[in-house]
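Undergrad: Okay, so the sequence shown: first residue is 23 according to the working numbering, each after it adds one.
To be clear, the hints were calculated from the coordinates, so they are not data collected in a lab. Any given hint could turn out to be false.
[What the hints assert, rightly or not] Keeping only pairs whose Cα atoms sit at most 25 Å apart, straight-line, the calculated DSS-like set for lysine-lysine is:
no., residue 1, residue 2
1, Lys132, Lys197
2, Lys132, Lys182
3, Lys181, Lys140
4, Lys190, Lys143
5, Lys197, Lys155
6, Lys181, Lys143
7, Lys182, Lys197
8, Lys139, Lys190
9, Lys157, Lys212
10, Lys157, Lys203
11, Lys155, Lys68
12, Lys155, Lys71
13, Lys212, Lys197
14, Lys71, Lys203
15, Lys190, Lys140
16, Lys211, Lys197
17, Lys203, Lys68
18, Lys197, Lys157
19, Lys71, Lys212
20, Lys182, Lys143
21, Lys155, Lys212
22, Lys71, Lys197
23, Lys182, Lys140
24, Lys157, Lys132
25, Lys68, Lys197
26, Lys181, Lys139
27, Lys138, Lys190
28, Lys212, Lys68
29, Lys132, Lys71
30, Lys132, Lys181
31, Lys155, Lys211
32, Lys203, Lys155
33, Lys132, Lys190
34, Lys211, Lys157
35, Lys182, Lys139
36, Lys203, Lys190
37, Lys211, Lys68
38, Lys181, Lys138
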Amino acid sequence: MKLFYFIIVTIILSLSSCASDGPIEAPRLSLNPDLLIDPSNIGEDKTIKLLVLNQLDINTTSTFAYETNLRELISELFTDGFEQQGYDIETGADAEVPAHTTYLTIILTKADNQIKKKTLKSEILAHIQLTVKAKQDGNELNQNFESRRSEEVALSADKKEVEQVVNKALAQVVKRVITNKELMTFMNKK
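Based on the sequences and whatever the hints tell you, model everything.
TA: This is the structure in structure tokens:
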């Protein structure tokens, strides 16, 4: 009987010490994708007024949260990418813009990452979705873009491996937007 009480007390003490440490926070992903786009002058003498919005669902199924501010990161990626295409980019709310400016709104609607554990390996999944709304001289163009990436790794996936897969997915979807022929044609009308 004493052994039974000893075991119960030990279990209670170990549980209470775990509870007092507070919740264990999962690692957060720090993103820094490489956007590789061939420079061109397709946007020379044209201006884009860029607005990026983060409309992610807070009830995501992602394995990891993001340390990186995704709205700011995506804004930087699009600014750099469109500047490589010769466009002038305006992001300030009060900035004056010339006639025939394209007002481009990029909406981040999904940025999921998951790890699916299998026997002796793990599968890393990343899914990024963007909605693009372009307006110019009373005309509008709305498009959806997405990138799904997956990679298998031996045993258990770590944070760095997940970051690499998410970085590739993010760079891929941004490149798809910047090099989209329909969007380029729309923005280059005068």
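Undergrad: Straight-line Cα separation of Lys71 and Lys212 no greater than 25 Å?
TA: Distance ~16 Å between Lys71 and Lys212 Cα, so the pair holds.
Undergrad: Given the hint that Lys212 pairs with Lys68, does the C-alpha gap stay at or below 25 Å?
TA: This hinted pair holds, its Cα atoms lying about 9 Å apart.
Undergrad: Just to be careful, I want the Cα atoms of Lys138 and Lys190 compared with a cutoff of 25 Å; is the pair within it?
TA: holds (18 Å)
Undergrad: Lys157 and Lys203 were given as a pair; does the straight-line alpha-carbon distance stay at or below 25 Å?
TA: holds (16 Å)
Undergrad: Run the distance test for Lys203 versus Lys68: straight-line Cα separation, threshold 25 Å.
TA: Holds: Lys203 and Lys68 sit about 16 Å apart, inside 25 Å.
Undergrad: Keeping to a limit of 25 Å between CA atoms, is the pair of Lys182 and Lys140 held or broken?
TA: holds (19 Å)
Undergrad: With a cut-off of 25 Å on the C-alpha distance, tell me whether Lys155 and Lys68 pass.
TA: Judged against 25 Å, a Cα distance of about 17 Å means the pair holds.
Undergrad: Between Lys212 and Lys197, is the straight-line Cα distance small enough, at 25 Å or below?
TA: Distance ~24 Å between Lys212 and Lys197 Cα, so the pair holds.
Undergrad: What's the verdict on Lys132 and Lys197, does the C-alpha distance respect the 25 Å limit or exceed it?
TA: Holds: Lys132 and Lys197 sit about 17 Å apart, inside 25 Å.
Undergrad: Decide if the proposed pair is consistent with the structure: Lys203 and Lys190, CA atoms, cutoff 25 Å inclusive.
TA: OK: Lys203 and Lys190 at ~21 Å, within 25 Å.
Undergrad: Keeping to a limit of 25 Å between CA atoms, is the pair of Lys155 and Lys71 held or broken?
TA: holds (12 Å)
Undergrad: Take a quick look at whether Lys181 and Lys140 sit within 25 Å of each other, Cα to Cα.
TA: holds (17 Å)
The structure is consistent with each of the numbered hints, conforming to all of them.
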